[in-house]
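Listed below are the residues making up each chain.
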Amino acid sequence: GQSLEQPSEVTAVEGAIVQINCTYQTSGFYGLSWYQQHDGGAPTFLSYNALDGLEETGRFSSFLSRSDSYGYLLLQELQMKDSASYFCAFDYNQGGKLIFGQGTELSVKP
Amino acid sequence: DAGVIQSPRHEVTEMGQEVTLRCKPISGHNSLFWYRQTMMRGLELLIYFNNNVPIDDSGMPEDRFSAKMPNASFSTLKIQPSEPRDSAVYFCASTEPGQSSSYEQYFGPGTRLTVT
Chain A
946 GQSLEQPSEV TAVEGAIVQI NCTYQTSGFY GLSWYQQHDG GAPTFLSYNA LDGLEETGRF
1006 SSFLSRSDSY GYLLLQELQM KDSASYFCAF DYNQGGKLIF GQGTELSVKP
Chain B
4 DAGVIQSPRH EVTEMGQEVT LRCKPISGHN SLFWYRQTMM RGLELLIYFN NNVPIDDSGM
64 PEDRFSAKMP NASFSTLKIQ PSEPRDSAVY FCASTEPGQS SSYEQYFGPG TRLTVT
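Quick note, the sequences are listed as chains A and B, same order. Each position in the first sequence, counted from 1, maps to that position plus 945 in this note's numbering. Each position in the second sequence, counted from 1, maps to that position plus 3 in this note's numbering.
This is chain B alone, in the form it adopts within the complex (with noise of 0.2 Å):
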């Protein structure tokens, strides 16, 4: 069976310019998370979908992100303008449909952006 997949997987681009990061999440999935990682401030979850709906967006740091479902087998993820300090390592992951199952969450290989 096919994981999460998400695309690019490494993107340069300069400051200002508009990223999209793309993600196809596990076929059955109805949870999907975006996180970005960081070394100074680790896994972080940016937003989260339920049956396509957002759920919680709490951290999405600033205006110039924003995501979007509009269907159950594809995410995206936009910045724009980007900075230099959305530089970091983008994760999508999904989850089974249950509560029980929320916890085991299945993540893709990640895209890696650099913001020069």
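Chain A extracted, bound-state conformation (with noise of 0.2 Å):
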């Protein structure tokens, strides 16, 4: 089957740096996005990995390892708006079939 594990919560203080892991277990693998789902909004898209390796965008950066199964979610230079649902999803087939972890819900503190 396909699954994928990710912490159900983190907190962290305005302007620190958080990681959000997720592992993941299929037959399928193309790739690793990130959505970002405002309580209340919808998922709006981050990044994605297709390759091992880190990509960056902006505060945000994401890293896969194939060989791991093994991702992560880099967020920099925290802001209270970061306050968020942050779901890990891999694409399963090429064909836009992505599914969803359970999502990281994350507090940031003053």
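To be clear, the hints were calculated from the coordinates, so they are not data collected in a lab. Glycine included, each C-beta is placed from N, C-alpha and C at the ideal position. Fair warning: there could be bad hints in the mix.
Stated by the list, open to error - Across the chosen pairs, the derived CB separations fall in these ranges:
#1 B:Arg115 to A:Gly973: 29 to 35 Å
#2 A:Glu950 to B:Ile58: 23 to 29 Å
#3 B:Glu17 to A:Asp1013: 32 to 38 Å
Dock chain to chain to rebuild the complex, using the hints, since each chain is given by itself in its own frame.
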């Protein structure tokens, strides 16, 4: 079967760095995506890793290790507005079918 | 540019009634996805279309659920008859043509369905 595991909750303080881990199990894998969802809002795309290594987009970076079936999202210089749920999702068949994790609720404290 | 449009934004109905959710994808996008989100089950893919053709409906929970995409700019998700356990937020999402972009899905604002 296919599954993803990520922590349910993470708490950090403003200005700090936080890492949200994601491990996955699947027979088909093309890449790992990250989405952000604010309370009451829609998921919005953050980043995608098709190859091993680090992808950087502003304050956010995402990492993938295919051999370890593992990835993470790194958020730097945390701001209060970063408080949201973060979902990892893998691209199962390159045709659009994303399998989402249960999400990690990030709380940023002042 | 307009994003993905969903209607209604909120729907409250009684058990047994028919519910129809509507979605207009971003113009030019050729794949459309219907998701359901609940606290217990997270974000689940129900069905997705490519060029108006249903590709994978394995996530549709049961025969009470049906989805159509009569043209490139409109899709519906129908529940008949509705049950309280169908209460959830239903999202529609779309993607640009091309396999290389299928991972970047644009979500609509969602329809919050409550079945009493």
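Hint-by-hint comparison with the structure:
A beta carbon spacing of about 32 Å between B:Arg115 and A:Gly973 agrees with the range 29 to 35 Å that was offered as a hint. A hinted range of 23 to 29 Å for the beta carbons of A:Glu950 and B:Ile58 is consistent with their spacing of about 27 Å. For the pair B:Glu17 and A:Asp1013, the supplied restraint of 32 to 38 Å is violated, since their beta-carbon distance comes to about 50 Å.
Hint 3 from the list above is the single one not met by this structure.
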